[in-house]
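Peer 1: Chains as they are written, first to last, in the UniProt record's numbering: chain A, 1 to 799; chain B, 1 to 799.
Take the hints with a grain of salt, since some may be wrong.
[Said to hold, decoys possible] Among chain A residues calculated to face chain B with C-beta under 7 angstroms, some are: (1) Leu260; (2) Glu565; (3) Thr614.
[Said to hold, decoys possible] Below, simulated SDA-like cross-link-like pairs (lysine to any residue); rule was C-alpha separation at most 25 angstroms, straight line: (4) A:Lys216 x A:Ile168; (5) A:Lys339 x B:Phe354; (6) B:Lys788 x A:Asn311; (7) B:Lys685 x B:Gln744; (8) A:Lys265 x A:Asp707; (9) A:Lys788 x B:Ile115.
[To be verified] Simulated restraints, written as ranges between beta carbons of each label pair: (10) B:Ser106 x A:Gly475: 49 to 57 angstroms; (11) B:Ser106 x A:Met105: 47 to 55 angstroms; (12) A:Leu363 x B:Asp707: 46 to 54 angstroms; (13) B:Gly352 x A:Thr528: 40 to 48 angstroms.
Keep in mind the hints are simulated off the structure, nothing from the lab. Each residue gets a CB set at the ideal place from its N, CA and C atoms; glycine is no exception.
Next come the chains, spelled out residue by residue.
Number of protein chains: 2
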Amino acid sequence: MANITKKVSWSSRADESGATGEGTPLLNGSEQPRHSRQLSEGRSIFQIGRLSTVDLEEEITSDEDSLRGRPKEIPHNEKLLSLKYESLDYDNIENQLFLEEERRMSHMGFRCLEISRWVVCGLIGFLTGLIACFIDIVVEELAGIKYQVVKENIEKFTEVGGLSISLILWAVFNSAFVMVGAIIVAYFEPIAAGSGIPQIKCYLNGVKIPRVVRLKTLLVKVGGVICSVVGGLAVGKEGPMIHSGAVVAAGVSQGRSTSLKRDFKIFEYFRRDTEKRDFVSAGAAAGVSAAFGAPVGGVLFSLEEGASFWNQMLTWRIFFASMISTFTLNFFLSIYHNKPGDLSNPGLINFGRFETESVAYNLYEIPLFIAMGAIGGLLGALFNVLNYWLTIFRIRYVHRPCLQVMEAMLVAAVTATVSFTMIYFSNDCQPLGPEHTEEYPLQLFCADGEYNSMATAFFNTPERSVRSLFHNQPGTYNPLTLGLFTLTYFFLACWTYGLAVSAGVFIPSLLIGAAWGRLFGILLASITTTGSTWAVPGKYALMGAAAQLGGIVRMTLSLTVIMVEATGNISYGLPIMLVLMTSKIVGDYFVEGLYDIHIKLQSVPFLHWEAPATSHWLTAREVMSSPVTCLNRIEKVGTIVDILSNTSTNHNGFPVVVQVAGNDEPAKLCGLILRSQLIVLLKHKVFVELARSRLTHRKLQLKDFRDAYPRFPPIQSIHVSQDERECMMDLMEFMNATPYTVPQETSLPRVFKLFRALGLRHLVVVDDENRVVGLVTRKDLARYHLGKHGLEELQLAQT
Amino acid sequence: MANITKKVSWSSRADESGATGEGTPLLNGSEQPRHSRQLSEGRSIFQIGRLSTVDLEEEITSDEDSLRGRPKEIPHNEKLLSLKYESLDYDNIENQLFLEEERRMSHMGFRCLEISRWVVCGLIGFLTGLIACFIDIVVEELAGIKYQVVKENIEKFTEVGGLSISLILWAVFNSAFVMVGAIIVAYFEPIAAGSGIPQIKCYLNGVKIPRVVRLKTLLVKVGGVICSVVGGLAVGKEGPMIHSGAVVAAGVSQGRSTSLKRDFKIFEYFRRDTEKRDFVSAGAAAGVSAAFGAPVGGVLFSLEEGASFWNQMLTWRIFFASMISTFTLNFFLSIYHNKPGDLSNPGLINFGRFETESVAYNLYEIPLFIAMGAIGGLLGALFNVLNYWLTIFRIRYVHRPCLQVMEAMLVAAVTATVSFTMIYFSNDCQPLGPEHTEEYPLQLFCADGEYNSMATAFFNTPERSVRSLFHNQPGTYNPLTLGLFTLTYFFLACWTYGLAVSAGVFIPSLLIGAAWGRLFGILLASITTTGSTWAVPGKYALMGAAAQLGGIVRMTLSLTVIMVEATGNISYGLPIMLVLMTSKIVGDYFVEGLYDIHIKLQSVPFLHWEAPATSHWLTAREVMSSPVTCLNRIEKVGTIVDILSNTSTNHNGFPVVVQVAGNDEPAKLCGLILRSQLIVLLKHKVFVELARSRLTHRKLQLKDFRDAYPRFPPIQSIHVSQDERECMMDLMEFMNATPYTVPQETSLPRVFKLFRALGLRHLVVVDDENRVVGLVTRKDLARYHLGKHGLEELQLAQT
């Protein structure tokens, strides 16, 4: 019964942990390592992940890509956990240096820190709002020019014939914009592709995604999103705002830019993962707030995706950043729109005001809303499955930048062509009322004073299309138009998500949902006699939008609040909530949410909220990595360099043990030290020459560690001479002397709770004599997940 | 330098911990106990708390009260921590029984549990909504009758003279209602006094407040709040809703009522502190939601006050309960108001709709709002200081129920008299417009077609008064009326809070703030020439209300959201936030928030979010209680009974240690067991007779512990014969085998973080050989707080 599970390779799985690979020195005298997992009787871990030969080849061939620094090495097996991701340290490293600094600091010092945190959050909000404003204005202007030119062209050629020239003009316009957007993403910063929400989720969860919060990423993101929206793709500019806010936060809070090589010598206290994470939460919230005009939704988004420990002051600051962000956006947009002081445009997308009086709902409509939620869940699952296949296809065959750019241009051209065809063949003409809100009404073959209703959906920025679907009078769209639009836009959006362009999936999802929701409302009104009084199509469009978006992204609490804030009407709270719940339940039955799919496809060791429910029979003994590479409190430099240089293990944390002098007893745990700390120590040559018993180094400050943060040099770049290898290093001052520990018998849920609640990176497992027997890291915990057949264990792979 | 702090009495301070008092057996062979605290050099803990002889006498004389079960023994020194409060266990007790049950449970079983959690939350929301609805309707009806009778009486006597008869009628009406309310509170359930928010805060924080979530408390609360509102006191019915929701939650989630002696045999899994706390959070949120029509605000309130570990699914369920609650209230109220389906009354208090168009604000108004925030902070601090003095006076002199009832009646009579006088001498007559919203306009000495404007504020339920201050046309009130009203209502409300009646402070605060805010707006409009266009008094009334409420209760995030949701207008978010921030900062400079003052006056060991900033120089060694009463894994029954019976220590948690057989080495920690568990074991006689080596008991189930939860019998009620005293008890199966531990050198903030994030009750401090050296409990951590002169240490006292 035992030993039915084996790890892929013990030498290759211990990236984050200090578990030894072959040849690394064992902790002398410790217990025998337990390579195998004892499974309790009657249970077995269901194994799916296999690393087939084909997969391995695939990875080898993609090695050249990874060397060029682009994340093309995504394995196309989501039952793997990649070892390449490091974790972030969301637990303070309480070593002597840190404690001394904290103890030196006066009450007033802490108060100043608190004030500077508020200042940073204010700045984050302000800058995020400005960026949102910039994106909005540029998109408005460029899209205005594009649609104006194409409209004039179409109008010219409608009469004389030869509309194919208009089509070509439109397609060329789109492709050109998209080409620029795709080139900067594919060639300069591939991490800027997509909405960035999965990456920020991972970051807040504690996974270090390389280059995700750099200035270059921000620039590419902003440029890319402008190009892809103006290029007419089925995308939104809202998702990327979250990523942009996060980058702004990471930059502002550090008081320096490594890319620009400028250090303003401020906020040095914040140069560690814990503080930076807090600010990034605020930045993400500010991004949501600017995107949807939903400051509370932004706070909840940050909490839902990131925070494990709820801290009142932190949340309050996050809220402040969100408020400032939406206010800044609103203020500058009001100036741009020549209505200074009009604070009614709090976000990039504005759903328009839903008045309670006109669109109240009745109790008997609630089952209808729930049915819409189910439809949304189904369609969302379909969307996700299609996109999943597409992504696997892309990973296999479209991993060269030039191919990616070409695919993006192709999508742009096809989008233009399909839109044009739909408009061309549509004969849904609507009278051009005095209160019409269409920016670019296309007359085409309609009578004078009428416009093509299909064009309001296709020949428009997606934000405007959503608003017109919500608010246009009943009868503005005929059912056929809506049905066709839903169908085509669904496939276009699905194809578009995952292209090498910066773009979000929120707005396309809302648009698809609003279209079929409105269709649902119209059909409902037609089959009921009293329909006209309650089946207002706009209301159903809103519910459809919520259902579709919920079905795709599967966010719950924050999405409800975002939708409520965006509609500005609290009384829709309950139905929106029910719709989102239903769509999540239905969708989850088939497949995970879109972001989770992409996170899984990247093999990120993502920690969920709780350990799988049925994992109580696993204990720390079974999940931990062992044996562990331990260091002595006073260790030879040569040994440390060797351990750090061992590429087959690449450990990041090492328990420090102390041997009682002249005693046979095994060594006791006395601390924990990180690779990054050792690197700084080696760089500054903090060695003790035992022979002459003198210190050859100056006293190291916390500042030295902060200066090196976050880009610690690799061990290869540090030269240690043969003489120096014989020196000793005293780790006493630098190690975390009080790491959290658990006994071997601790159940997995308990280990998980401790690990997740405190944002740990390494958790030492000790026996009842306080000797190190193992180390639990993120990957050891993320490996277990609840599959269809009970508890499954993911494979770890060096992808 | 060492030993400058001494504890009051070592034998009396260890309630929660297992620290030994005199005479309890020490852990054999453990380290020497550290009675004294070694303070690091150059620092000293500032000591303020003194237990003067007067205080001690006070306590002794009040002993007779405490025996009668009423919490009259409040010490009037807020620099004390009471030992009488036990803690709740928000960490699962993972003993073998629990793990076996969890392991037996299938995936489907967990899913069913999850579904039943949702059902419970739905029920909580529904019942809370119903209770709110009941209170609202009864208050409306009774107040309607009262005001109608008094109005007719006044109208009759206005012409013929002899208005003093009307005054007497009014005062008698009020006093009668208040008498009923005060009698049920003072004689039947004193814990139901006040708003209940401090009690719920403490409960969610992990402090066990006796009788706080019982059915009787709920009944008294509901009856009491109706009486005090109808009795015309300066109180609101909103605060008590939070308490009511919490009681509903605690009751429904347990599937039984101990008071009614009914056990429905459902939800047995939820019979432990962790699960119950989660539901109580949902109940409190549902209460806020019903009170203010603010479901998101409710969720944030629960999180702000309670949750330490953010859990996505839990929050989502809390939100569900909140939504159902506001929906239920709204639905039934719409039927009561003969407008079924009109969902525009989501809460007990309805601020009325603020339209963006009519009351937009400008950038230059923001400094004005901030100034209002400062005023609110000042007035709030004044309110709190006055109420603090009053509370101390009450503790000393008004602790008999009959005195309490008389005081309440006096306040009711005075309120009526003052109101009447104000109305009588006011000559602010306003025309009775066609759109007037006053329910009971008093003409009094005004001309026909006019009404007394002072009466709209005083001769009305406070909720209506708030609404008319927000929304009445400019010019409805003259400044003198508002000034006098603010002044009198301020003192009335301050006098009223803390009476032995169920009542909240939210509405009076809003009312005071709205009055001076409107006054502020009117003065502003009069000194600016362009005043009429922007200085809308209603807007300033809103800001004033926010400022005053913030200055009194000092809530931040949740209050902002509650205000925004209650106004139904998101664009006020930023100003409300700034106002609340300012009022909090200004108010905190002088005195704490009202709830915190009352919590402190009760000497509750309340844990804040983080350890005091300047506490890094304290370590677990200094804060822990030691030496610790430990039990052996197989312990003599007699020893256990003796330890449990020791009234001088009254410990609740005991580390379990194991001695390696035939070895001199000291015992190692192997588990932790609670008093409540030992009681159940003793009750079921789970003894092993070593002589005959057989088990004399049936196998104990988790069910036995759940049946005894939460009212475990005292040790005195369990009879153990002399023979049985010689038996042994095997604790192996019942102890938590993997308690969290920290080394002695761990800094206080680190200990605090672990303790708070995981909701612990006992944290074992071990040395580097895993031997028990101390125990950290809530009181050890709550003792340290940041005072004006740096870190202060509170005294522990057996109050």
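Peer 1: Now tell me if each hint is right for this structure.
Peer 2: Each hint, compared with the structure:
Proximity of Leu260 of chain A to chain B is violated relative to the hint, the smallest CB-CB distance being about 32 angstroms (cut-off 7 angstroms). This hint holds: Glu565 of chain A has a C-beta 6 angstroms from the nearest C-beta of chain B, less than the 7 angstroms allowed. The beta carbon of Thr614 of chain A comes within 5 angstroms of a beta carbon in chain B, closer than 7 angstroms, and the hint placing it at the interface holds. Our distance criterion of 25 angstroms between C-alpha atoms is broken by Lys216 of chain A and Ile168 of chain A, whose separation comes to about 34 angstroms.
Between the alpha carbons of Lys339 of chain A and Phe354 of chain B the distance comes to roughly 20 angstroms, so the proposed pair stays at or under 25 angstroms and holds. Restraint check for Lys788 of chain B and Asn311 of chain A: the C-alpha separation of about 23 angstroms stays at or below 25 angstroms, so the hint holds. A C-alpha spacing of about 37 angstroms is found between Lys685 of chain B and Gln744 of chain B, which places the hinted pair above 25 angstroms, so the restraint is violated. As the CA atoms of Lys265 of chain A and Asp707 of chain A are separated by approximately 10 angstroms, the hinted pair is consistent with the 25 angstroms bound.
Pair hint Lys788 of chain A plus Ile115 of chain B holds up; C-alpha atoms about 18 angstroms apart against a cutoff of 25 angstroms. Hint check: Ser106 of chain B to Gly475 of chain A, Cβ distance near 54 angstroms, so the stated range 49 to 57 angstroms holds. In this structure the supplied range 47 to 55 angstroms holds for Ser106 of chain B paired with Met105 of chain A, their Cβ-Cβ distance being about 53 angstroms. Taken as a hint, the range 46 to 54 angstroms is violated for the pair Leu363 of chain A and Asp707 of chain B, whose Cβ atoms sit roughly 40 angstroms apart.
About 34 angstroms separates the C-beta atoms of Gly352 of chain B and Thr528 of chain A, a value inconsistent with the hinted range of 40 to 48 angstroms.
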